[in-house]
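Peer 1: We have chain A already, so just place chains B and C on it with the hints.
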Amino acid sequence: MSKPHVVIIGAGFTGVAIAHDLALRGCEVTVIERGDICNGTSGRTHGLLHSGGRYAVKDKESAIECIEENKILRRIVPQVIEPNGGLFIALDDSDLSYAEQFIAGCEECGIPLEELTPQQALKIEPNLNPRLLSAFLIPDGTFDPLRLALAFAATAKHNGARFRTYAEVEGLLLDGQGNVTGVRILDRTTNERLELHAEVVVNATGAWAGKITAMAGLDAPVRPTPGIMVAYDQRLIQRAVNRLNEPGDGDIVLPQRRMVVVGTTSFDAENVDYIPVVEEQVKLMLERGSQLIPAIRNAQPRGIYMASRPLVGSGSGRSMARTFKCFDHKETHNIEGLVTITGGKATTMRMMAEKTADVVCAKLGISTPCTTRDIPLLSYRQYYTVPNQEKHYA
Amino acid sequence: MNNQPAPQRLLSWFNPLGRNPGSWAFILNRLTGLGLTMYLFLHLMVLGRLAQGPEAYEEFLALTKSPLIKLGELLVIGAVIYHGLNGLRVVLTSFGLGVRRQVQMFYLSVLLALVGTAIFAFRMFAG
Amino acid sequence: MPEQWTVTLRIYRQKTNEPSRYDTFTLEVNPDEYILDAIERVWAFHDRSLCFRHACHHSTCGACGMRVNGVEKLTCITTIRSVARPNAVLTIEPLRNFPIISDLVVDMGELYRKMEAVEARAVLPITEAEIEKPPHQWKTEDSQYVRLSDCLECGLCISACPVAATSQPYLGPAPLAAAQDHRLDRRPDLLTLIDSEHGVWRCHSAFECTAVCPSFVDPGRRIMDLRKQTISAKIRHFFGK
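Residue numbers (the working numbering), protein chains in the order written: chain A, 1 to 394; chain B, 1001 to 1127; chain C, 2001 to 2241.
To be clear, the hints were calculated from the coordinates, so they are not data collected in a lab.
Treat the hints with caution; some may be incorrect.
[Unchecked claim] Label-pair distances were calculated between CB atoms; the ranges are:
hint, chain 1, residue 1, chain 2, residue 2, range
1, C, D2189, A, P294, 44 to 50 angstroms
2, A, I72, C, R2048, 45 to 51 angstroms
3, C, R2113, B, R1030, 27 to 33 angstroms
4, A, F267, B, R1030, 42 to 48 angstroms
5, B, P1016, A, T190, 49 to 55 angstroms
6, A, F267, B, L1010, 51 to 57 angstroms
[What the hints assert, rightly or not] A short, non-exhaustive set of chain B residues, derived as facing chain C with CB atoms under 7 angstroms:
hint, residue
7, Q1008
8, R1009
9, W1013
10, P1016
11, L1017
12, N1020
13, G1022
14, F1026
15, H1043
16, Q1052
17, V1090
18, S1094
19, G1096
20, V1099
C-beta: ideal position from N, C-alpha, C; glycine also.
Pulled out of the complex, with its shape left as it was, chain A reads as follows (with noise of 0.2 angstroms):
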């Protein structure tokens, strides 16, 4: 019996966590992307594992759902996590007013966290800002956003899953019904068009999923919202260190490498192709940033990019909640043969796609269990340097 083809488009943290979660559970995998790993949202991640602290106020489902992906992606992937644990810091008397509700959120989701006086968490981050009036432990980590897409691309692909980058999907394949029966692409190193069958095509790609919902004639409640990173060249902290408040811009710094990065914002935007950096945003991550680690005012900007997030549901900006959706097009519009995954974060990857490949488990009638959860991920290298396994499509 020949294994069911699952054709996943879009190879950022989402795709490439389906792929090695659907090559477990047996099924012949093609990625397509149109260009290479993470080049798009992904790649321009920030780069904090959460803890969950961040949404344990308002957002409590994302919250739960980030301290057990932590947890998690800890224990898989630590070749590319610098588990060092966050601080969240209190600077005005709005901040120490928001500790209480911080405290219960944490306790509610089971979010760790130890109170530190001033004293003490200027003794292990010395370039905080020394005003600061109390401060929070908690276990937040840094991974560097394309390794950890790699890993996981890198244990698909020793699976059997085959990646196609470069490849743009131009169209899907539809059964005159209106079905999805697979894809039309593009491949740009050749400048080769070739159609691939599948049972079932996931459509992962995030804040671009209403560009390929639209090929089968379809709307996806995707709204792309992009925020700014700037990176300075001086690894000023050792840990991410957040504001103790609601959420809001510029109010993260987190090492990366010998850098800090300081995020982020939160607006809308139309085309997600490419965003162009806003002069205002970038000063305002200055006076943001500098108002927790005051010394970046006397760092030098490394990069400064734009990545847009794929954010669910209705609402705008802060106030979406942060986790994501799994729709099969079958129950919302009677279409076969496509699955569309949107939403979430980079923290929840794994889970995103334990939950995706069941979705697309119980159509293609497979019943073998998701075990990505206990399963550590070979070396990033080897996305490199394990071939793509040659198959034949029908």
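Peer 2: Positioned in the frame of chain A, the structure of chains B and C alone reads:
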């Protein structure tokens, strides 16, 4: 494993565009190395003339009085000094000595080679 | 109002089974933009068939290494101002010494195989990072602790290395630097690989790797130190220790 054909890759040894002093040291080292190897063959050929009798050798010695050959000899002297000194630079850095001063050591090698060549030139032409 | 320059990007193009060529694109740019932004705009608004690799846009991932006017650059942190003047032509080419997959994208497999062969360490936890220098000394560039986990594995050093140009099996700067970080006294098993024909002695001291490294890993110095380590290891070996 490269799309470029082999001769082009070999030529890239000698392309100094956009490169740093360390590459100049490398390029000069390769050029002087190749030059000295060729000189060695030339030298052996000349010695070989001894076997053909004193006349042939004398004839050749007369040729060496020409300024062009003298210029060639100066090049050999410069190449020997540079190649030797740069060799010392490579040895020193390989023992972890003066790695941060490798550029200055390169300049020093070139300078000493030039000075040495100048002294020989003075002795050859003016002396 | 930010400054506006006009620059022309002359981009190397290569598709499978087609001859290579250069395409030119003239753009209005802010000189403080990064070269990668300009290339991404070429892709977004002028030519969707352009293949280039990029991910993090802030020198964390090492995907966007290319040659700009012949010199290896991480294009996401290289401002247009730092390499050009108004109305300049910028030649953008793929890295040397790697097989080209398409346009600006090269096959990095060989480098990654070598990094695996020396078991290069990727991320160092804070406890280890503090061994050499405490964090408060990391403020200025000179005194920052050089973590090898800063190696982006971007391939710039391989592209700039004159020895790698003609010797494909040569381990190359990044893998040798990774081996140096292990220390041969702690990892004697690496000695055979390092002390081989294609190992540490192959380097010809051009120090181009150090010059182009966007992450201050300083492979040149590390290769020299690795030679020292190799000699010590062999002396120890000779006396049967």
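Peer 1: Hints first: check each against the structure and report whether it holds.
Peer 2: Structure-based check of all given hints:
1. Under the hint 44 to 50 angstroms, the C-beta atoms of C:D2189 and A:P294, about 47 angstroms apart, fit the expected range.
2. In this structure the hint that A:I72 and C:R2048 lie 45 to 51 angstroms apart at CB is violated, the actual value being about 37 angstroms.
3. In this structure the supplied range 27 to 33 angstroms holds for C:R2113 paired with B:R1030, their Cβ-Cβ distance being about 28 angstroms.
4. Against the hinted window of 42 to 48 angstroms, the Cβ-Cβ separation of A:F267 and B:R1030 comes to about 56 angstroms, which falls outside the hint.
5. Hint check: B:P1016 to A:T190, Cβ distance near 36 angstroms, so the stated range 49 to 55 angstroms is violated.
6. The beta-carbon spacing between A:F267 and B:L1010, approximately 53 angstroms, falls within the hinted interval of 51 to 57 angstroms.
7. Proximity of B:Q1008 to chain C is violated relative to the hint, the smallest CB-CB distance being about 9 angstroms (cut-off 7 angstroms).
8. Below 7 angstroms, beta-carbon pairs count as interface contacts, and B:R1009 has one with chain C at about 5 angstroms; its hint therefore holds.
9. Among the interface hints, the one on B:W1013 holds; its C-beta lies about 5 angstroms from the nearest C-beta in chain C, closer than the 7 angstroms criterion.
10. A cut of 7 angstroms between beta carbons decides the hint on B:P1016: the least distance to chain C is about 10 angstroms, and the hint is violated.
11. At about 5 angstroms, the closest approach between the beta carbon of B:L1017 and any beta carbon in chain C falls short of 7 angstroms, and the interface hint on this residue holds.
12. Using the Cβ-Cβ criterion of 7 angstroms, the hint placing B:N1020 at the interface with chain C is satisfied: the shortest such distance is roughly 4 angstroms.
13. Of the supplied interface hints, the one on B:G1022 holds, with its beta-carbon coming within about 3 angstroms of a beta-carbon of chain C, less than 7 angstroms.
14. Given the 7 angstroms rule on beta carbons, the hint for B:F1026 holds: about 4 angstroms separates it from the nearest Cβ of chain C.
15. Proximity of B:H1043 to chain C is violated relative to the hint, the smallest CB-CB distance being about 26 angstroms (cut-off 7 angstroms).
16. A least Cβ separation of about 40 angstroms between B:Q1052 and chain C goes past the 7 angstroms threshold, and the interface hint is therefore violated.
17. The interface hint given for B:V1090 is met, as the beta carbon of that residue sits about 5 angstroms from the closest beta carbon of chain C, less than 7 angstroms.
18. Residue-level restraint check for B:S1094 holds (minimum Cβ-Cβ distance to chain C is 4 angstroms; threshold 7 angstroms).
19. Checking B:G1096 against chain C: minimum C-beta separation of about 4 angstroms stays under 7 angstroms; hint holds.
20. Checking B:V1099 against chain C: minimum C-beta separation of about 5 angstroms stays under 7 angstroms; hint holds.
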